[in-house]
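*Asks:* Quick note on the numbering used here: the sequence shown kicks off at 4 and runs consecutively.
Derived from the structure by calculation, the hints contain no laboratory data. Since we're looking at a predicted model, the values are computed, not measured. Certain hints may be false.
[To be verified] Think about it this way: if two alpha-carbon atoms lie no more than 20 angstroms apart in a straight line, the pair counts; the simulated EDC-like pairs of lysine to aspartate or glutamate are: (1) Lys-158 x Glu-111; (2) Lys-247 x Glu-27; (3) Lys-8 x Glu-31; (4) Lys-115 x Glu-152; (5) Lys-94 x Asp-70; (6) Lys-247 x Asp-223; (7) Lys-164 x Asp-70; (8) Lys-35 x Glu-250; (9) Lys-56 x Glu-31; (10) Lys-63 x Glu-151; (11) Lys-247 x Glu-25; (12) Lys-198 x Asp-188; (13) Lys-158 x Asp-202; (14) Lys-246 x Glu-31; (15) Lys-58 x Asp-70; (16) Lys-147 x Asp-137; (17) Lys-28 x Glu-250; (18) Lys-56 x Asp-32; (19) Lys-118 x Asp-223; (20) Lys-115 x Asp-137; (21) Lys-94 x Asp-9; (22) Lys-222 x Glu-256; (23) Lys-246 x Glu-27; (24) Lys-164 x Glu-86; (25) Lys-118 x Glu-108; (26) Lys-34 x Glu-250; (27) Lys-159 x Glu-207; (28) Lys-8 x Glu-256; (29) Lys-8 x Glu-207; (30) Lys-58 x Asp-32; (31) Lys-118 x Glu-151; (32) Lys-222 x Asp-183; (33) Lys-147 x Glu-86; (34) Lys-147 x Asp-202.
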Amino acid sequence: MQKKKDKIIIGNWKMNPLTIKEAEKSFEDIKKSVSYVRKTTIVICPPLLYLEKLKKISRKINLGAQDAFWGDVGAFTGEVSAEMLYNAGIKYVILGHSERRTLGETNELVNKKIKGSLSAGLTPVLCVGESMRDENHSYFNLVKTQLEECLNGVKKTFASKIIIAYEPIWAISSTLNRHDATSVDSREMAIFIRKVLYDKFGAEASRIRIIYGGSVNEKDALDFLNNGGVDGLLSGRASLNAKKFAEIINIAENNF
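I would like the entire structure built from these sequences, with the hints used as guidance.
*Replies:* In structure tokens form, the structure reads like this:
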């Protein structure tokens, strides 16, 4: 029987908050609220400038970056490499987020970042998801293409280091005319993603964690964790509220 995976809860702060003092306060508040957590992996991905300061506050809360460049060093103005992040003590990195793709990031570029991050020793959180759903179910092909192209050339030996975040763009809070996704939507896609991963990595695919990232909050976290076919959650807006984010973490810790 396959060992049950521990849950992972990731908070993506995006370009928030405005000051390091606000970031420190939120981080401290979360730290106090989850002091007893033992089973659940907690990751917070703040703006790059705050990583070094927050790293000194708590070892229990892992830190992640919101992006990374594929090269190690060189003439790449404004970029920060995965190798630099790893050397700074960072463990995770979000790659392929829909907000990055909106700025022109392609599957090919995400693929290079995935490989660079894995080589550096980081755990990449690969975001995939459709902008809308249609009656022909073509969104499955879109997600399959994202997975195949973003993971092209990645060796089986790295499979267990990868996390896949299903991010239905039509459900995230920043999307115009958004509407809620359900745990049924999540489970349906998680099963499909698992099949695509199995076709690529074989039995090693069972070690890859799949998480849900469609504007999840403290009110629907339990439903998605129980019924969504996922191993954790990627929270955006809710992670900026220390009380709400701690509630999500505590739900994962106390119910699984």
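*Asks:* For every hint, state whether the structure bears it out.
*Replies:* Right, here's what the structure says about each hint:
In summary, the hint linking Lys-158 to Glu-111 is supported, as the alpha carbons are separated by about 16 angstroms, within the 20 angstroms threshold. Distance restraint check for Lys-247 and Glu-27: the Cα-Cα separation of roughly 17 angstroms lies within the 20 angstroms cut-off, and the hinted pair is therefore satisfied. The suggested pairing of Lys-8 with Glu-31 is violated, with an alpha-carbon distance near 27 angstroms, which exceeds 20 angstroms. Among the hinted pairs, Lys-115 with Glu-152 is consistent with the structure: their alpha-carbon atoms are about 10 angstroms apart, no more than 20 angstroms.
The straight-line distance between the Cα atoms of Lys-94 and Asp-70 is roughly 12 angstroms, inside the 20 angstroms bound, and the hint therefore holds. Proposed proximity of Lys-247 and Asp-223 is supported: the alpha carbons are some 11 angstroms apart, at most 20 angstroms. About 17 angstroms separates the Cα atoms of Lys-164 and Asp-70, which keeps this hinted pair within 20 angstroms; it holds. Restraint check: the Cα-Cα separation between Lys-35 and Glu-250 comes to about 12 angstroms, which is no more than 20 angstroms; the hinted pair holds.
For the proposed pair Lys-56 and Glu-31, the alpha carbon gap of about 12 angstroms is at most 20 angstroms, so the pair holds. Under the criterion of a C-alpha separation no larger than 20 angstroms, the hint pairing Lys-63 with Glu-151 is inconsistent with the structure, at around 34 angstroms. Between the alpha carbons of Lys-247 and Glu-25 the distance comes to roughly 16 angstroms, so the proposed pair stays at or under 20 angstroms and holds. The straight-line distance between the Cα atoms of Lys-198 and Asp-188 is roughly 16 angstroms, inside the 20 angstroms bound, and the hint therefore holds.
Distance check on the hinted pair: Lys-158 and Asp-202 sit about 13 angstroms apart at the alpha-carbon level, within 20 angstroms; holds. Restraint check for Lys-246 and Glu-31: satisfied, since their Cα atoms lie roughly 11 angstroms apart, inside the 20 angstroms limit. Proposed proximity of Lys-58 and Asp-70 is supported: the alpha carbons are some 17 angstroms apart, at most 20 angstroms. Note on Lys-147 and Asp-137: the hinted pairing holds, with a Cα-Cα distance of about 16 angstroms set against a maximum of 20 angstroms.
Restraint check for Lys-28 and Glu-250: the C-alpha separation of about 17 angstroms stays at or below 20 angstroms, so the hint holds. Simply put, Lys-56 and Asp-32 have alpha-carbon atoms about 15 angstroms apart, close enough for the 20 angstroms limit, and the pair holds. Distance check on the hinted pair: Lys-118 and Asp-223 sit about 33 angstroms apart at the alpha-carbon level, beyond 20 angstroms; violated. A hinted pair counts as satisfied when its Cα atoms are at most 20 angstroms apart, and Lys-115 with Asp-137 does not qualify at roughly 30 angstroms.
About 17 angstroms separates the Cα atoms of Lys-94 and Asp-9, which keeps this hinted pair within 20 angstroms; it holds. This hinted pair checks out: Lys-222 and Glu-256 have alpha carbons roughly 15 angstroms apart, not beyond 20 angstroms. Straight-line distance between C-alpha atoms of Lys-246 and Glu-27 comes to about 14 angstroms, which keeps the hinted pair within the 20 angstroms bound. Taking the CA atoms of Lys-164 and Glu-86, the gap is about 16 angstroms. The hint holds against a cut of 20 angstroms.
Distance check on the hinted pair: Lys-118 and Glu-108 sit about 15 angstroms apart at the alpha-carbon level, within 20 angstroms; holds. Distance restraint check for Lys-34 and Glu-250: the Cα-Cα separation of roughly 12 angstroms lies within the 20 angstroms cut-off, and the hinted pair is therefore satisfied. Proposed proximity of Lys-159 and Glu-207 is supported: the alpha carbons are some 7 angstroms apart, at most 20 angstroms. With a C-alpha separation of about 12 angstroms, the suggested pair Lys-8 and Glu-256 falls inside the 20 angstroms cut-off, and the hint holds.
This hinted pair checks out: Lys-8 and Glu-207 have alpha carbons roughly 14 angstroms apart, not beyond 20 angstroms. At most 20 angstroms may separate the alpha-carbon atoms for a hinted pair to count; Lys-58 and Asp-32 meet this at roughly 15 angstroms. For the given pair, Lys-118 sits about 13 angstroms from Glu-151 by alpha-carbon distance, which is consistent with the 20 angstroms threshold. The straight-line distance between the Cα atoms of Lys-222 and Asp-183 is roughly 12 angstroms, inside the 20 angstroms bound, and the hint therefore holds.
In summary, the hint linking Lys-147 to Glu-86 is not supported, as the alpha carbons are separated by about 28 angstroms, beyond the 20 angstroms threshold. A C-alpha spacing of about 11 angstroms is found between Lys-147 and Asp-202, which places the hinted pair at or below 20 angstroms, so the restraint holds.
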